[in-house]
Structures are given as structure tokens and as C-alpha cells.
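Undergrad: Residue-level listing of the chains:
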Amino acid sequence: MTDSASTLPAPTQLDPLRISEDFPILASGPNTGERLAFLDSAASAMKPRQVIDSIVATYEGGYANVHRGVYHHAATATRHFEGAREKVRSFINATTPREVIFTRGTTEAINLVANSWGRTNLGPGDIVVTTELEHHSNLVPWQQVCAATGAELRFIPVDDTGVLVLDDLDALAEGGTLKLVTVVHVSNSLGTHAPLDLIVPWAKSHGALVMVDGAQSVPHRPVDVQALGIDFLAFSAHKLMGPSGVGALWGREELLAAMPPWQFGGEMIRRVEYSGATFNDLPWKFEAGTPAIAEVIGFGAALDYIESIGGIAAIAAHEQAMTAYGYELLAAIPGLHLLGPGPGEDRGGVLSFTMDGTHPHDVATLLDARDVNIRAGHHCTQPLMKRLGVHATARASVYAYTTREDLDRLADGLGEVRRVFGLA
Amino acid sequence: MDDLYREYILEHYRNPQNYGTLPDPTFEAEGQNPLCGDELHVQVAVDDDRRVTAVKFTGQGCAISQASMSILSDEIIGKTLDEVAAMNKDDVVELIGIDLTPVRLKCALLGLVVVKMGMHEHAGTAAPAGWEGVDEISWGTT
Ligand SMILES: Cc1ncc(COP(=O)(O)O)c(C=O)c1O
Numbered sequence: 002m003t004d005s006a007s008t009l010p011a012p013t014q015l016d017p018l019r020i021s022e023d024f025p026i027l028a029s030g031p032n033t034g035e036r037l038a039f040l041d042s043a044a045s046a047m048k049p050r051q052v053i054d055s056i057v058a059t060y061e062g063g064y065a066n067v068h069r070g071v072y073h074h075a076a077t078a079t080r081h082f083e084g085a086r087e088k089v090r091s092f093i094n095a096t097t098p099r100e101v102i103f104t105r106g107t108t109e110a111i112n113l114v115a116n117s118w119g120r121t122n123l124g125p126g127d128i129v130v131t132t133e134l135e136h137h138s139n140l141v142p143w144q145q146v147c148a149a150t151g152a153e154l155r156f157i158p159v160d161d162t163g164v165l166v167l168d169d170l171d172a173l174a175e176g177g178t179l180k181l182v183t184v185v186h187v188s189n190s191l192g193t194h195a196p197l198d199l200i201v202p203w204a205k206s207h208g209a210l211v212m213v214d215g216a217q218s219v220p221h222r223p224v225d226v227q228a229l230g231i232d233f234l235a236f237s238a239h240k241l242m243g244p245s246g247v248g249a250l251w252g253r254e255e256l257l258a259a260m261p262p263w264q265f266g267g268e269m270i271r272r273v274e275y276s277g278a279t280f281n282d283l284p285w286k287f288e289a290g291t292p293a294i295a296e297v298i299g300f301g302a303a304l305d306y307i308e309s310i311g312g313i314a315a316i317a318a319h320e321q322a323m324t325a326y327g328y329e330l331l332a333a334i335p336g337l338h339l340l341g342p343g344p345g346e347d348r349g350g351v352l353s354f355t356m357d358g359t360h361p362h363d364v365a366t367l368l369d370a371r372d373v374n375i376r377a378g379h380h381c382t383q384p385l386m387k388r389l390g391v392h393a394t395a396r397a398s399v400y401a402y403t404t405r406e407d408l409d410r411l412a413d414g415l416g417e418v419r420r421v422f423g424l425a
Numbered sequence: 037m038d039d040l041y042r043e044y045i046l047e048h049y050r051n052p053q054n055y056g057t058l059p060d061p062t063f064e065a066e067g068q069n070p071l072c073g074d075e076l077h078v079q080v081a082v083d084d085d086r087r088v089t090a091v092k093f094t095g096q097g098c099a100i101s102q103a104s105m106s107i108l109s110d111e112i113i114g115k116t117l118d119e120v121a122a123m124n125k126d127d128v129v130e131l132i133g134i135d136l137t138p139v140r141l142k143c144a145l146l147g148l149v150v151v152k153m154g155m156h157e158h159a160g161t162a163a164p165a166g167w168e169g170v171d172e173i174s175w176g177t178t
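Heads up: the protein sequence lines correspond to chains B and G, in order.
Residue 425 is where the first sequence ends in my numbering, and the numbering goes up by one at each step.
Residue 178 is where the second sequence ends in my numbering, and the numbering goes up by one at each step.
There could be a bad hint or two in this list.
Said to hold, decoys possible - Residues of chain G placed beyond 12 angstroms of chain B at every Cβ, according to the derived structure:
#, residue
1, Ile45
2, Ala90
3, Ile100
To be verified - Label-pair distances were calculated between CB atoms; the ranges are:
#, chain 1, residue 1, chain 2, residue 2, range
4, B, Asp357, G, Thr94, 17 to 23 angstroms
5, G, Gly114, B, Gly290, 56 to 62 angstroms
6, B, Leu199, G, Glu47, 37 to 43 angstroms
7, G, Pro70, B, Asp161, 22 to 28 angstroms
8, B, Ile26, G, Thr57, 46 to 52 angstroms
9, B, Ala44, G, Gln96, 20 to 26 angstroms
Treat the hints as calculated values from the structure; they're not laboratory data.
Every value quoted in this text rests on a predicted model; they were computed, and no experiment measured them.
Even for Gly, the Cβ is constructed at its ideal location relative to N, Cα and C.
Let the hints inform the model, and build the full structure from the sequences given.
TA: Shown next as C-alpha cells:
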């Protein structure tokens with residue numbers, strides 16, 4: 002089912018209604034007072050009380066700037082901050098916390114690699130391969146770096162259902178030196194899962210590095226960086242029930258050690274003179290300035306929370322059940338077209354669809370009146386939308402707190418949309 | 037919220053007024069709402085008194101954007117360009133008669149913005165960069 006979970010013991014079964022009690026915002030929707038059927042976790046997940054409490058506890062009981070203060074609170078904040086780094090390390094099974102760099106999120110993590118590794122290692126004749134599925138945040142940085150360095154950006158194509166076509170990978174490496182393959186692990190627009198077990202060995206056979214955009218995989222399925230055999234992983238805390246404004250880059254230590262810093266200032270230095278500076282060790286070399294202290298600690302609290310409700314494998318199993326259920330409900334609605342892989346395939350918990358005679362924004366607006374929240378638009382994947390021949394889609398996505406009733410309310414709401422538009 | 041989709045709006049969405057193209061427009065313009073991908077292409081014909089004699093548009097997008105353009109097209113036929121230039125956000129909101137959140141307001145205003153961009157281009161006045169600063173219509177960031 003997942004890249005690395007197949008050997009794990011059967012996960013515990015989640016009780017989404019019990020879990021929902023931890024999420025104050027889900028208790029009552031702003032328009033109806035009914036439970037909020039929140040089906041937009043792929044954009045950003047809601048936060049459990051445990052994460053909110055962690056942030057309050059930091060500010061009320063242990064806040065100070067990290068790393069340099071000599072007083073009690075500074076030591077406490079530093080201990081919790083570095084403790085969160087260890088939690089991230091453990092969550093993705095990295096070998097050392099030195100490989101975990103805190104960033105503002107997935108986007109900044111990718112920009113770090115593009116600017117630091119990319120600008121020092123890419124040049125004319127070099128090839129970067131990505132996919133037609135990418136979120137703008139794993140596309141535009143590489144367009145920029147390739148334009149600046151003379152490297153060429155190439156794409157693993159998708160078929161009409163948005164599944165990656167891997168038949169002719171070698172052609173992508175012809176006529177140049179393949180240096181990097183950077184892929185979205187699970188597509189935020191379609192739920193497509195990229196088969197890293199095929200892509201990584203291929204990239205390695207060409208001596209290339211592999212970067213994975215884990216924004217939609219790390220929160221939803223077990224991701225083990227060592228088992229995957231990859232080189233860089235980017236993800237965001239806000240999508241895994243943690244605070245916004247923080248995320249992580251994981252990279253293999255020897256690669257990170259060889260990369261130059263890309264932002265300069267406090268924290269990232271060892272010794273500064275008027276004439277120059279030497280830089281700090283990993284990971285701080287890449288963490289210039291005061292970090293998002295309470296948010297990083299809250300990030301750690303979110304990982305603890307995932308453990309406390311049964312772990313990431315249990316979440317993956319629950320989402321798979323919800324996705325299958327939702328897929329079936331939506332597929333039965335006349336005039337509704339689901340995009341992306343079918344329900345039986347290895348896919349993420351994202352249901353992207355269009356409905357004849359309606360625009361996704363109208364669909365989302367009408368559902369909002371019932372406190373059913375979905376997303377509508379291009380999902381930051383404009384080239385993919387164009388490739389699939391749609392302007393926009395409506396997208397429902399599931400998480401640990403999603404219930405069958407939430408999906409029933411989605412389906413009921415879509416029936417109402419059809420009535421409003423005179424389609425039923 | 038269901039109020040947004042009152043029959044009046046849906047009727048304009050399903051059967052837009054002035055949909056199509058003009059053989060000989062005085063000016064035309066097109067624009068997108070990058071937020072949701074609404075698209076409009078608007079053509080306008082004016083007579084020697086700078087009075088709008090015909091408007092035609094094509095486009096795709098949400099009901100609000102397309103219905104608003106349909107309603108707007110009826111409204112500006114017969115107006116002088118100066119009168120059109122004086123129209124603002126409140127006029128559009130009043131015309132369509134529904135309450136809109138800031139995000140959906142952009143959908144409703146797309147038509148007037150595209151018309152005004154065409155007028156700027158026609159008059160040779162500096163076309164506003166992108167969406168921002170189109171006369172009195174200000175675009176918040178969302
Ligand atoms: C697949 C994917 N990549 C990257 C991102 C960017 O994440 P962030 O905005 O947290 O930097 C997102 C979030 O929308 C995403 O879904």
C-alpha cells in the first residue's frame with residue numbers, strides 16, 4: 002500500500018469521531034452550527050487541542066530566544082526546540098537530527114535546495130527531471146535555477162488520468178547529464194502516488210540525486226527516508242496538524258555538509274569578523290535568524306499527537322477507507338467526473354472532480370452554506386490542469402478526523418448543487 | 037449563501053445576454069481571475085458620441101463571473117464611455133444585488149475590470165499593471 006508500510010503490523014483502527022473531539026474548530030461550523038465537515042486538509046489541516054496547548058505552553062511557561070540565552074527559559078525553549086528536531090528525525094527515520102533543517106515549509110525547503118545545491122551543482126548540459134504533476138512550489142524554483150545555470154528541465158509525463166508514465170524514462174536522460182530527479186510523492190491535485198520504488202533506482206542508475214516533495218505524503222502515510230533511498234525530502238507542519246509557518250527539509254548529511262548556506266545572518270555563523278565569516282555546523286548553517294520557536298515546538302507536538310492516536314500507518318489505513326467510500330459516493334452522482342487514479346490504486350486521500358453544468362467555485366460556495374468545506378481551483382498546478390484539459394476542479398480531501406457522515410454530507414450537498422443549477 | 041444563486045443570477049448564467057462576438061468592435065480586452073480561472077473576452081462598439089452601441093462577450097468560469105458580465109453588458113449599452121468609466125465596485129454590487137465575500141467579489145467585478153482595461157487601451161492611457169489599481173476598483177490580496 003505504501004512504500005515502506007507493507008511489512009508493518011496491522012495498524013489500529015482510528016475512531017474519527019473520538020479524534021474530532023480534540024479539534025475545537027470542528028465542533029460547530031460557522032454557517033449552520035452543525036459539525037464542520039472539513040474536507041480541505043490537503044490545503045491545510047486543522048489543529049488538535051494538544052498542538053494549540055503546546056503553543057500556549059511555550060509562550061506562557063518556557064519562551065525565550067533559542068540557543069544563546071543563559072537563563073532558565075532560554076534553556077527550556079532550546080531544549081524543546083531541539084527536541085522537536087529529534088521528533089522530526091524519528092518520524093521520517095533519518096539517521097541524525099543534523100539532517101533535519103527547519104524551514105518555513107515545503108516551499109522554502111525546495112527553494113533552499115534549488116538555490117544552495119542547484120546553483121552550485123548545475124550548469125549547461127545538466128538535466129533536472131521533474132513530473133507534470135508538480136505543485137508550483139516544486140516547479141517554479143527549478144525553472145528559475147535552470148534558467149540561471151543553463152541546465153535543462155524535463156518532465157515525466159502523465160496519462161489522461163494523471164498517472165505518471167514511466168515507460169520511457171531513459172529518454173529523459175539522453176543528451177546530457179542527469180543530476181537531479183525531483184518529484185511530488187503524492188499529488189495534491191489528483192492524489193496520484195509517484196512510484197518511488199521505480200523512480201529512485203532509475204535516478205540512481207544515472208548517478209542523479211532524488212528530491213521528494215512530501216507535502217502530501219508525510220502527513221498521510223509512513224515515509225522512511227532511508228528505506229526510500231532518497232536524498233532530500235521537503236514537507237510542511239501545517240498539513241500534518243501542526244502550526245503554519247514551519248516545515249522541514251531533510252537531506253543526507255554529506256550532501257548538506259557540502260552545500261553552501263543560502264541565507265546569511267545570525268544563528269548560521271560560527272565566527273564573524275569585519276572581513277568575513279565562517280559558518281555554523283549542520284543543521285544551523287541553514288537556519289539563519291530567529292526561527293519560528295513556538296511553531297517548531299508545536300510541530301513536535303503534532304508528531305506526538307499522530308503517535309498518540311495510533312500512528313501514521315493507522316491514519317493511512319483510515320484515509321484509504323474514507324477515500325474509497327467517498328469515491329464510490331461521488332462516482333454515483335450523474336454528471337460528476339472524478340479525476341486521478343481509481344479507488345483501488347495506491348493513491349492519496351484527494352478526490353478531485355468536475356460536475357457538468359457547474360463551476361467548481363459555485364460548487365464550493367454552495368457547499369459552504371452547509372458547512373461542508375472543499376477547495377476549488379487549480380490547486381497551484383496550472384500546467385497540470387491545462388494538460389488534463391480542465392480549467393479548475395473541485396477537491397475534497399480526507400484526514401484522521403474525517404467521518405463517513407462528512408462524505409455523506411458532501412454527496413447530499415452536491416445533489417443540492419445539481420438542483421440549484423437545474424440539473425436534477 | 038444560497039442567496040447568491042437566486043434564479044436571476046442562474047438565468048443570466050444559463051442564458052447570458054450579449055454572448056458572442058462583434059464583427060467590428062471599437063475595442064476589446066480579455067482578462068482572467070487568477071484565483072479561480074474565470075475568463076472573459078469582451079468586445080465593445082461605440083458611436084461618434086462615444087456612446088456604447090453594442091457589447092459582446094465570451095468566456096468561461098463560475099456563475100457569478102459570467103452572470104455579472106451578462107448583467108453588466110445590458111447595463112452599459114447606451115451609456116457613454118465617461119459614464120462607464122465612472123462605474124465602480126458598488127455599482128456592480130448593486131446591479132447584481134447579492135452579498136459577496138471578498139473572494140467572490142473578484143468574480144463579480146471581472147467584467148467591469150476587463151471593460152475598463154479595454155477602455156484604457158483604447159484611450160492610450162496607461163493600462164493598469166495586472167489587476168491592481170484598476171481605477172477605483174481595488175483588489176485586496178487574498
Ligand atoms: C504537493 C505540494 N507541494 C508543495 C506545497 C507547498 O507547501 P507550503 O505552502 O506549505 O510551502 C503544497 C501545499 O499546498 C503541496 O500540496
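Undergrad: How does the Cβ-Cβ distance of B/Leu199 and G/Glu47 compare with 37 to 43 angstroms: does it lie in that range?
TA: Violated, at about 52 angstroms.
Undergrad: Taking the shortest Cβ-to-Cβ distance between G/Ile45 and chain B, state whether it exceeds 12 angstroms.
TA: Nearest chain B Cβ is 10 angstroms from G/Ile45, so the label is violated.
Undergrad: Going by Cβ atoms, does G/Ala90 stay more than 12 angstroms from chain B at every point?
TA: holds (27 angstroms)
Undergrad: For the range 46 to 52 angstroms, tell me whether the beta carbons of B/Ile26 and G/Thr57 fit it or not.
TA: Holds - the Cβ-Cβ distance for B/Ile26 and G/Thr57, about 48 angstroms, lies within 46 to 52 angstroms.
Undergrad: Between B/Asp357 and G/Thr94, does the beta-carbon spacing fit 17 to 23 angstroms?
TA: Once the Cβ atoms are compared, 19 angstroms apart, the range 17 to 23 angstroms for G/Thr94 and B/Asp357 holds.
Undergrad: Has the hinted range 22 to 28 angstroms been met by the Cβ atoms of G/Pro70 and B/Asp161?
TA: holds (25 angstroms)
Undergrad: So G/Ile100 supposedly isn't at the interface. Is its beta-carbon more than 12 angstroms from every beta-carbon in chain B?
TA: violated (7 angstroms)
Undergrad: Assuming the hint says 20 to 26 angstroms, is it satisfied by the Cβ distance from B/Ala44 to G/Gln96 or not?
TA: holds (24 angstroms)
Undergrad: Does the Cβ-Cβ separation between G/Gly114 and B/Gly290 fall within 56 to 62 angstroms?
TA: holds (59 angstroms)
Hints 1, 3 and 6 from the list above are not met by this structure, while the remaining hints are.
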